[in-house]
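Chemist: All chains should be modelled from the sequences, with the hints used to inform the complete structure.
Number of protein chains: 2
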Amino acid sequence: MAAIAFSRRLRRTNFAEGVEAAGAKGYTVYNHMLLPTVFRSVEEDYHHLKSAVQIWDVAVERQVELRGPDAARLMQMLTPRDLRGMLPGQCFYIPTVDETGGMLNDPVAVKLSEDRWWISIADSDLLLWVKGIAYGYRLDVLVDEPDVSPLAIQGPKSDELMSRVFGSTVSDLRFFRFGHFDFQGRDMIIARSGYSKQGGFEIYVEGADICMPLWNALMEAGKDLDVHAGCPNLIERIEGGLLSYGNDMTRENTPHECGLGKFCNTQTAIGCVGRDALLRVAKEGPVKQIRAIAIDGPVGPCDRPWKLMAKGKQVGQVTSAATSPDFGGSVGIGMVRMTHWDDGTELTVETPDGPKGAIVKEKFWI
Amino acid sequence: MAAIAFSRRLRRTNFAEGVEAAGAKGYTVYNHMLLPTVFRSVEEDYHHLKSAVQIWDVAVERQVELRGPDAARLMQMLTPRDLRGMLPGQCFYIPTVDETGGMLNDPVAVKLSEDRWWISIADSDLLLWVKGIAYGYRLDVLVDEPDVSPLAIQGPKSDELMSRVFGSTVSDLRFFRFGHFDFQGRDMIIARSGYSKQGGFEIYVEGADICMPLWNALMEAGKDLDVHAGCPNLIERIEGGLLSYGNDMTRENTPHECGLGKFCNTQTAIGCVGRDALLRVAKEGPVKQIRAIAIDGPVGPCDRPWKLMAKGKQVGQVTSAATSPDFGGSVGIGMVRMTHWDDGTELTVETPDGPKGAIVKEKFWI
Chain G
1 MAAIAFSRRL RRTNFAEGVE AAGAKGYTVY NHMLLPTVFR SVEEDYHHLK
51 SAVQIWDVAV ERQVELRGPD AARLMQMLTP RDLRGMLPGQ CFYIPTVDET
101 GGMLNDPVAV KLSEDRWWIS IADSDLLLWV KGIAYGYRLD VLVDEPDVSP
151 LAIQGPKSDE LMSRVFGSTV SDLRFFRFGH FDFQGRDMII ARSGYSKQGG
201 FEIYVEGADI CMPLWNALME AGKDLDVHAG CPNLIERIEG GLLSYGNDMT
251 RENTPHECGL GKFCNTQTAI GCVGRDALLR VAKEGPVKQI RAIAIDGPVG
301 PCDRPWKLMA KGKQVGQVTS AATSPDFGGS VGIGMVRMTH WDDGTELTVE
351 TPDGPKGAIV KEKFWI
Chain E
1 MAAIAFSRRL RRTNFAEGVE AAGAKGYTVY NHMLLPTVFR SVEEDYHHLK
51 SAVQIWDVAV ERQVELRGPD AARLMQMLTP RDLRGMLPGQ CFYIPTVDET
101 GGMLNDPVAV KLSEDRWWIS IADSDLLLWV KGIAYGYRLD VLVDEPDVSP
151 LAIQGPKSDE LMSRVFGSTV SDLRFFRFGH FDFQGRDMII ARSGYSKQGG
201 FEIYVEGADI CMPLWNALME AGKDLDVHAG CPNLIERIEG GLLSYGNDMT
251 RENTPHECGL GKFCNTQTAI GCVGRDALLR VAKEGPVKQI RAIAIDGPVG
301 PCDRPWKLMA KGKQVGQVTS AATSPDFGGS VGIGMVRMTH WDDGTELTVE
351 TPDGPKGAIV KEKFWI
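Chains G and E, in that order, give the protein sequences. Under the UniProt record's numbering, the first sequence has 109 at position 109, and the numbering climbs by one with no breaks. Under the UniProt record's numbering, the second sequence has 105 at position 105, and the numbering climbs by one with no breaks.
It cannot be assumed that every hint is accurate.
Because identical chains cannot be distinguished in the list, a pair is counted as satisfied if it fits within a single copy or across any two copies.
To be verified - Listed next, the in silico SDA-like pairs over lysine to any residue satisfying Cα-Cα at most 20 Å (straight line): (1) K307 x E350; (2) K25 x D303; (3) K25 x F6; (4) K25 x H48; (5) K25 x S7; (6) K307 x D209; (7) K307 x E17; (8) K307 x S7; (9) K50 x F181; (10) K288 x D342; (11) K307 x A16; (12) K25 x P301; (13) K361 x E346; (14) K25 x A2; (15) K307 x R12; (16) K50 x G329; (17) K307 x F6; (18) K50 x F364; (19) K197 x K363; (20) K307 x R11.
The hints are simulated quantities; they were obtained by calculation from the structure and are not laboratory data.
Modeler: In structure tokens:
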């Protein structure tokens, strides 16, 4: 085990006090900020997430705010997903690409109004790309990182806990829609969303001062629901096929390779800077694609790509993996060439503990 | 102590095998990559750095490569430092700013030729800004991250070690100049530079395959010089006044606030996107500035800004601090308002262990 060296550059979130009191044992760094990765154990956190309710400090999902007359135009420049039909109150998952069609991020767009948007980002300084494009095109738009700290409530008892704090109307929210709710006189934007398949919400908390009061109120309200501090769970997110930018995909990959073709309206997303580059792949399809990979037996941490082999030749790589209590053996996410990506294809994965059997799956586990 | 959770997203460098074998005990994350922070102890590493020679895996200093007819024009857009007089073979420390004059990075520019440059970056995805500007302005230039892994040789015995591996002419290099040298038939760009005040070199190693052979050759050649694996040392870099982007300065700060006004030729750096915004501060000077801060007694890790107080009012903050074996008490870097930045001003710094006496210093320790 190696220690993480704390410094101001690895920013503490506005919920850090709560996270530390809850006994976070491990961290990763995400958008230059600390993200807890485990509280009790990854397995214990996993079972609890699937049965109760957790509060996650996901303030690392920094927002890029676009505000001004050209905000909508700039948004469309960033993604091959057609945003014309998107209404205020909606969240859209938007693959974000550069001029070559390479993935720069896979954020969630939050449309506050016609001229005000948030982009809730994965781990890259997307702000710099958006600012560069806005400046280069002389767009009439302000681009900045606001003081917004997302807090996720995840797990089967999320609706119950949220209703206690925000009133029962919060349960009326549909998936990837958001509404405005009151907490101690402050307006909170709450969406039904989150980085798990167990259901839940994300609260976009504006203002550092109200973060810990909200954290404490949720903890207090959920005592009899066995609420715990939690965090994105490696096992559960792999079982659910939730991709991780930087792990499962990088700037090297197109959205289509990442299985995100369904979010690309390449024909109609006029203005997207990567559109020209993606037209061909959108038509012909990618030659490799992300797949669920079942692996024999337990695995250690996947801290570098593991080669996927067939008859001594590399045909892909695994980029996320974890031993699964609920499904036996290990669950993984990998990128596989089209010659070997069919459901049920048997491969070998080269792990640090030696080669193991692997099977390509069409669908993820949950 | 909290553990760091390893994943592919926290990229291993091409020297990781050597770093791990040498027993790195702690890491930070820098440009989405692992950077070791301590081997034996920070104090032991410090004494050794000041007396012998160390090999540092600084592959986290990723390069942004600019190549093409518009490369020089794009370079000048990034910085208020006038680059017109810069020759191939030179390295320039270039504060890099956005359109508001806020610091985006403080990299070293490496001019390979008129139409080919590297930018050796600090911790932010500067690539995305450079690509955005290049795209927005339709510049005729390729911008990418090449397969280059810098390796630093630092300490008073650096010249001796480097001469053994690259021949004695490497000692002729002047500060912030680079030359081409051979290693096993491969061309290596070597500069006299590095993130310490103990003297030394940085080797820009092109190609993943040659990284460990070079690491091993240097280790072998330096055995009788007591060569050790090392890393940027927190204590020594504060004593030397070497700033850390993300710690001591952020996008909130102008170069002038960071004491980098001497690297800004705001009048003549025509084309710099932040020039207009910096003209006023360049003329009138900043209202706060980075200073060396001596602190009474030992300190723990500075993982968030510590307030600098005078008569109950905040007049600045400390952003880096460490107990200093050679200078007694603790050494720090902070940002102080002009009302209190004079040499010898006595302040109080609010540390997690309570308030401590602090003195503003005009100059750093080494």
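Chemist: What hints, given by number in increasing order, does this structure fail?
Modeler: Hint 9 alone not satisfied by this model.
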